[in-house]
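Asker: Chains as they are written, first to last, in full-length UniProt numbering: chain Z, 1 to 435; chain P, 1 to 298; chain V, 1 to 288.
Hints listed in this document are in silico derivations from the structure and should not be mistaken for laboratory results.
Because the structure is a prediction, the values reported are computed rather than measured.
C-beta atoms are modelled at their ideal positions from N, C-alpha and C, and glycine is treated no differently.
There could be a bad hint or two in this list.
DMTMM-like cross-link-like pairs, simulated, lysine to aspartate or glutamate; straight-line CA separation at most 25 Å [claimed, not checked]:
#1 V:K275 with P:D95
#2 Z:K183 with P:D62
#3 V:K275 with P:E187
#4 Z:K183 with P:D145
#5 Z:K342 with V:E247
#6 Z:K183 with Z:D156
#7 Z:K289 with V:D66
#8 Z:K289 with V:E247
#9 V:K11 with P:D195
#10 Z:K289 with P:D145
#11 V:K5 with P:E190
#12 V:K11 with P:D153
#13 V:K5 with P:D195
#14 Z:K149 with Z:D293
#15 Z:K342 with V:D66
#16 V:K11 with P:D62
#17 V:K11 with P:E190
#18 Z:K289 with V:E58
Facing chain Z, according to a computed beta carbon distance under 10 Å, are these residues of chain P, among others [to be verified]:
#19 P38
#20 R40
#21 V131
#22 P149
#23 I152
#24 D195
#25 T237
One-letter residues, chain by chain:
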Amino acid sequence: MKLLTTVSSAALALASVAAAQDLPGSFEGVTIEAKLIGGQQYEPLYARIAEWEEATGATVDVISKKNHFELDREIKSDIAIGQLDWCVGSNHSSFAPQYPGIYVDLRDYLPEEALSDFVPGNIESATLNDRLVMLPRAQFDVSALYYQKSLYEDEDNKTAFEEEYGYPLAVPDTWDQVADQAKFFADAPNFYGTQYAGKEEAIAGRFYEILVANGGEFLNEDGEPAFNSEAGVEALNWFVDLYQAEAVPAGVPNYLWDDLGQGFASGTVALNLDWPGWAGFFNDPDSSKVAGDVGVAPPPKGSAGVRSGWSGFHGFSVTEDCANPEAAASLVWFLTNADSQKLESAAGPLPSRQSVWDHVIAEAEGDAYRTDVLETFQVAAEGAFPVPQTPAWIEITNVLYPELQAAILGDATPQEALDTAAEEATYVLEDAGEL
Amino acid sequence: MKATRLPPHVMLLLPAVIVLAAVVVLPLLLSLWSSFTPFRLTRPDSIYNFVGLRNYERIFIDTDFWIAFGRTVLLLTVALNLEMLLGLGLALLVDRQTRGQRALRTILMFPMMFSPILVGFQFKFMFNDNVGLINNALQSLGVTDQAIPWLIDGALAFTAITAAEVWSSTAVFAIFILAGLMAMPREPQEAARVDGCTPWQTFRYVTWPFLMPFAFIAMTIRSLDVARAYDIIKIMTDGGPAGRTEVLWTLIARTAYSDARMGLANAMAYVAILLSVAFTAFFFSQLGKARAQVAGDW
Amino acid sequence: MDANKTARVRKRASAWALNVTLFIAMAIICLPGLWIVLNSLRPTVEIMAKPPIWIPRELSLQAYVDMFSGVGQGGIPVLEYFRNSVIIAVTSTVISLAVGMSGGYAFARYRFRAKSGWFLGLMLTRTVPGIALSLPLFFLYARVGLIDTHAGMILAYTALNVPFTIWLIDGFFRQVPRDLAEAAQIDGCTRWQAFWQVEFPLARPGIASAGIFAFLTSWNEFALASQLTRSTDSKTLPVGLLDYTAEFTIDWRGMCALAVVMIIPALLLTYAVQKHLVSGLTSGAIKG
Chain Z
1 MKLLTTVSSA
11 ALALASVAAA
21 QDLPGSFEGV
31 TIEAKLIGGQ
41 QYEPLYARIA
51 EWEEATGATV
61 DVISKKNHFE
71 LDREIKSDIA
81 IGQLDWCVGS
91 NHSSFAPQYP
101 GIYVDLRDYL
111 PEEALSDFVP
121 GNIESATLND
131 RLVMLPRAQF
141 DVSALYYQKS
151 LYEDEDNKTA
161 FEEEYGYPLA
171 VPDTWDQVAD
181 QAKFFADAPN
191 FYGTQYAGKE
201 EAIAGRFYEI
211 LVANGGEFLN
221 EDGEPAFNSE
231 AGVEALNWFV
241 DLYQAEAVPA
251 GVPNYLWDDL
261 GQGFASGTVA
271 LNLDWPGWAG
281 FFNDPDSSKV
291 AGDVGVAPPP
301 KGSAGVRSGW
311 SGFHGFSVTE
321 DCANPEAAAS
331 LVWFLTNADS
341 QKLESAAGPL
351 PSRQSVWDHV
361 IAEAEGDAYR
371 TDVLETFQVA
381 AEGAFPVPQT
391 PAWIEITNVL
401 YPELQAAILG
411 DATPQEALDT
421 AAEEATYVLE
431 DAGEL
Chain P
1 MKATRLPPHV
11 MLLLPAVIVL
21 AAVVVLPLLL
31 SLWSSFTPFR
41 LTRPDSIYNF
51 VGLRNYERIF
61 IDTDFWIAFG
71 RTVLLLTVAL
81 NLEMLLGLGL
91 ALLVDRQTRG
101 QRALRTILMF
111 PMMFSPILVG
121 FQFKFMFNDN
131 VGLINNALQS
141 LGVTDQAIPW
151 LIDGALAFTA
161 ITAAEVWSST
171 AVFAIFILAG
181 LMAMPREPQE
191 AARVDGCTPW
201 QTFRYVTWPF
211 LMPFAFIAMT
221 IRSLDVARAY
231 DIIKIMTDGG
241 PAGRTEVLWT
251 LIARTAYSDA
261 RMGLANAMAY
271 VAILLSVAFT
281 AFFFSQLGKA
291 RAQVAGDW
Chain V
1 MDANKTARVR
11 KRASAWALNV
21 TLFIAMAIIC
31 LPGLWIVLNS
41 LRPTVEIMAK
51 PPIWIPRELS
61 LQAYVDMFSG
71 VGQGGIPVLE
81 YFRNSVIIAV
91 TSTVISLAVG
101 MSGGYAFARY
111 RFRAKSGWFL
121 GLMLTRTVPG
131 IALSLPLFFL
141 YARVGLIDTH
151 AGMILAYTAL
161 NVPFTIWLID
171 GFFRQVPRDL
181 AEAAQIDGCT
191 RWQAFWQVEF
201 PLARPGIASA
211 GIFAFLTSWN
221 EFALASQLTR
231 STDSKTLPVG
241 LLDYTAEFTI
251 DWRGMCALAV
261 VMIIPALLLT
271 YAVQKHLVSG
281 LTSGAIKG
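Using the sequences and the hints given, assemble the complete structure.
Answerer: Written out as structure tokens, the structure is:
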């Protein structure tokens with residue numbers, strides 16, 4: 001019923017948005033240089049740039065198109081040489097804190113009603129030091145639990161599970177249940193209970209969200225690393241325990257997102273906490289063996305009763321050195337307006353505007369799987385939280401993940417591993433002048 | 001035309017020197033300077049802050065760095081020697097074929113046409129423990145019923161990376177040694193056979209000394225661009241898990257771009273460059289010796 | 001008689017065994033490549049299947065159709081990447097051959113002070129790993145406006161290839177007897193004419209082999225290209241491979257299809273010049 005209330009509130013929002021639909025303005029003769037994230041999933045939106053050009057008389061010159069990580073490198077290089085007079089850049093909520101001060105506060109260029117339709121949580125995550133540094137496009141990411149439905153309908157499974165674990169088999173709602181069921185379903189090397197990304201920001205992020213779900217903090221109020229707490233050890237133990245029980249593939253410490261997606265699609269994994277981008281892939285018989293048998297549940301809760309909800313989103317920013325910030329802001333708004341988001345989310349990604357959420361849910365009517373996916377991710381989105389907003393986040397994940405791996409592989413105990421990582425993270429923060 | 005009064009060899013070398021100075025030497029001087037600063041990409045002003053040898057001091061007491069250093073040396077030694085042996089074997093096999101040389105040689109060079117970054121993806125998928133080609137094959141053939149964690153276990157991951165590296169680069173050795181075999185005069189071999197030498201003796205005392213310069217030139221060339229292996233390792237494991245496959249280049253790249261600590265990374269890079277220089281200079285001197293021997297014999 | 005016969009049988013058996021070994025070796029070399037080709041023709045569900053599907057059930061050119069279907073419709077700007085790759089690789093190969101010929105000729109034909117020192121110095125510039133070079137080079141390029149241009153990439157690859165081309169070509173000129181050119185000069189040729197009419201034709205195999213190595217290096221290079229290129233103005237095919245990766249997903253089939261597109265020209269070129277290639281490497285090694 002939550003759904004219905006959002007629908008009606010969004011209907012109200014829609015009215016005010018309609019007025020702001022005209023925002024583009026007139027910028028005859030202006031050229032806007034843009035650095036955009038490339039890749040199939042992101043491209044269709046850029047076809048709309050021509051419409052904006054026509055409406056405003058300005059031209060857009062795309063001077064760079066790269067994937068997420070390469071673009072991050074490029075922007076850091078640009079900061080180093082002080083070449084920031086291009087105007088519009090793709091941005092990401094996890095990377096944005098690393099670029100302090102290069103992007104304008106979009107509130108200075110956009111009227112408040114132009115922003116009212118965005119999901120408040122997204123706008124909050126896009127605000128750093130009281131500056132709205134980016135507008136989110138319809139590429140919002142939070143995870144949900146994908147599972148093979150048939151496993152839960154099988155009577156033998158039900159009886160055997162209840163006998164062994166003392167509670168009825170149902171789609172898990174807590175991380176402890178995920179662990180129990182993963183061990184129950186696992187039959188290495190042919191079938192695995194679950195899996196997780198095991199390196200880089202990916203595992204650091206997963207650890208971070210279970211830490212939060214267990215009631216822990218990543219950095220404390222003073223900005224010092226605090227993840228080597230009891231809640232942290234409990235979170236890390238979840239990873240270690242499943243690895244040692246062989247409930248996850250032996251290769252997980254080297255897995256990244258693509259390995260997880262391919263693994264679940266190959267039909268050899270029972271439960272998979274993963275991103276919305278895979279929803280279509282998993283249910284497409286051309287790409288997935290589990291097509292037609294995929295269920296989706298909200299992300300599990302930790303021991304503190306909090307749902308996991310590490311989230312991020314792509315968006316667009318305007319540089320401080322831009323010669324025509326009004327025109328640039330207009331383009332950014334146009335690329336994230338309701339029509340743009342409808343276009344992007346039609347292919348599967350999640351929107352960041354309330355009216356578009358309602359639109360996609362209405363569109364999905366009659367498609368049980370798609371409706372299920374959207375409703376689940378909407379629940380997930382409600383509990384979503386961004387990464388700690390420190391410029392050193394990526395750097396901290398780089399000292400944290402080798403230690404997490406060491407614990408998973410048995411080279412160190414969880415407490416030792418986290419203490420070492422906390423110590424190194426403290427050095428990182430000190431070197432960066434944040435402590 | 002006063003400018004043409006320069007000696008001809010200077011004129012002839014000038015283009016090469018200019019290009020290399022502009023593209024290699026100048027940037028290196030810049031990075032040498034930045035290795036004496038706490039330069040961070042995201043704080044451009046930090047490049048003017050001179051801290052002397054602090055980055056180098058840090059490296060010297062950093063055990064992770066020296067472990068990566070040792071692993072890099074080990075990887076280079078193992079990979080280069082394996083490539084030479086396999087390359088030699090391949091060249092000998094191809095050389096004795098009388099038909100289809102053209103096709104065989106093209107196939108021999110096939111792996112050289114794969115961009116290292118592609119080799120990385122390819123072998124990462126092949127060595128995947130769950131749905132990878134290698135484990136699937138081993139399990140189908142009944143060799144094992146385990147999912148071998150190729151990219152996890154330190155030794156296995158090292159093997160997997162070496163396999164990828166060897167696959168992509170053995171061709172260089174094979175081609176050079178093949179060139180040597182084709183250029184080799186046949187009379188000494190005939191003479192050795194008539195004198196009653198076994199095939200092994202003929203190879204050891206007649207063929208191999210002649211081939212040695214070719215092997216060493218290939219060795220030198222390979223040691224010049226071993227850092228290409230970075231692309232492969234970056235994709236396959238990126239130094240993980242838990243630093244088990246960390247080599248200098250992955251460490252440098254992560255420090256430089258992901259952590260944005262360019263100053264420290266450049267100090268590391270200088271150590272890595274010295275290592276490459278040492279390897280190259282060593283093979284170069286070996287090449288000189290082998291050449292001298294061949295020249296003396298023939 | 002009997003001893004002869006056993007010897008003959010043994011010889012034939014060992015020849016047969018060697019042929020089988022060669023076949024297996026060639027298979028190992030080819031398989032990963034063929035696997036890529038196969039992957040580009042199969043749906044992802046079959047590639048990542050478990051239990052594995054060894055014999056493809058359906059083959060389709062869908063990945064190739066998608067690739068060329070235009071940006072925004074699942075395609076990538078493959079024609080632009082291809083154009084950039086060809087322009088950059090060919091031009092830088094030609095320039096590095098010219099620079100290498102001039103440098104190699106200097107080393108082969110003239111005596112000057114610290115010659116071996118200069119030679120080693122030029123070679124050692126090649127030892128700098130791309131990853132260590134990429135940022136400082138980016139700094140310089142940004143100052144002079146060479147970022148994301150063909151010229152910038154051509155210059156970088158020329159520098160990458162020059163040491164090796166000098167080495168190979170130097171060895172080749174040494175092999176060409178000095179008297180030949182001198183005789184030509186006596187016959188009334190200028191030194192320039194003597195070079196083109198006498199020395200150059202004899203050194204052609206060496207130049208061909210240096211050329212193919214230079215071409216393959218430029219065609220496949222990634223580390224520098226990823227830092228120095230930005231848009232379709234100069235992005236090359238290896239950088240384009242990453243268009244198939246997104247933040248969370250990777251289109252392995254599409255990547256394989258692009259890989260095939262990348263490999264075919266390199267394969268054709270190698271096949272065309274491989275005869276020169278092997279003989280071209282010969283003299284570089286012995287004379288030094």
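Asker: Hinted pair, alpha-carbon criterion (25 Å max): K183 (chain Z), D156 (chain Z). Please report holds or violated.
Answerer: holds, 16 Å
Asker: Please work out if K11 (chain V) and D62 (chain P) have their alpha carbons no farther apart than 25 Å.
Answerer: With Cα atoms ~59 Å apart, K11 (chain V) and D62 (chain P) exceed 25 Å; violated.
Asker: Against the 25 Å threshold, does the CA-CA distance of K275 (chain V) and E187 (chain P) hold or violate the hint?
Answerer: holds, 24 Å
Asker: Quickly compare the C-alpha distance for K183 (chain Z) and D145 (chain P) to 25 Å and report which way the hint goes.
Answerer: holds, 19 Å
Asker: With the threshold set at 25 Å, check whether the alpha-carbon distance from K11 (chain V) to E190 (chain P) stays at or below it.
Answerer: Satisfied, since the Cα-Cα distance of roughly 17 Å is no more than 25 Å.
Asker: For K289 (chain Z) and E247 (chain V), compute the direct alpha-carbon distance and say whether it is at most 25 Å.
Answerer: Given pair K289 (chain Z), E247 (chain V) holds - Cα atoms ~23 Å apart, limit 25 Å.
Asker: For the pair supplied as a hint, K149 (chain Z) and D293 (chain Z), is the alpha-carbon distance within the 25 Å limit?
Answerer: This hinted pair holds, its Cα atoms lying about 5 Å apart.
Asker: Going by Cβ atoms only, is P149 (chain P) closer than 10 Å to chain Z?
Answerer: holds, 4 Å
Asker: Hinted pair, alpha-carbon criterion (25 Å max): K289 (chain Z), E58 (chain V). Please report holds or violated.
Answerer: Given that 25 Å is the threshold and the Cα spacing comes to 15 Å, the pair holds.
Asker: Given D195 (chain P) was flagged as interface, is its beta-carbon under 10 Å from a beta-carbon of chain Z?
Answerer: Check failed: Cβ of D195 (chain P) comes no nearer than 56 Å to chain Z, outside 10 Å.
Asker: Regarding the hint that V131 (chain P) lies at the interface with chain Z, is the smallest CB-CB distance below 10 Å?
Answerer: holds, 5 Å
Asker: Any CB of chain Z closer than 10 Å to the CB of T237 (chain P)?
Answerer: holds, 6 Å
When held up to the earlier numbered hints, the structure conflicts with 2, 12, 16, 24 and fits the remainder.
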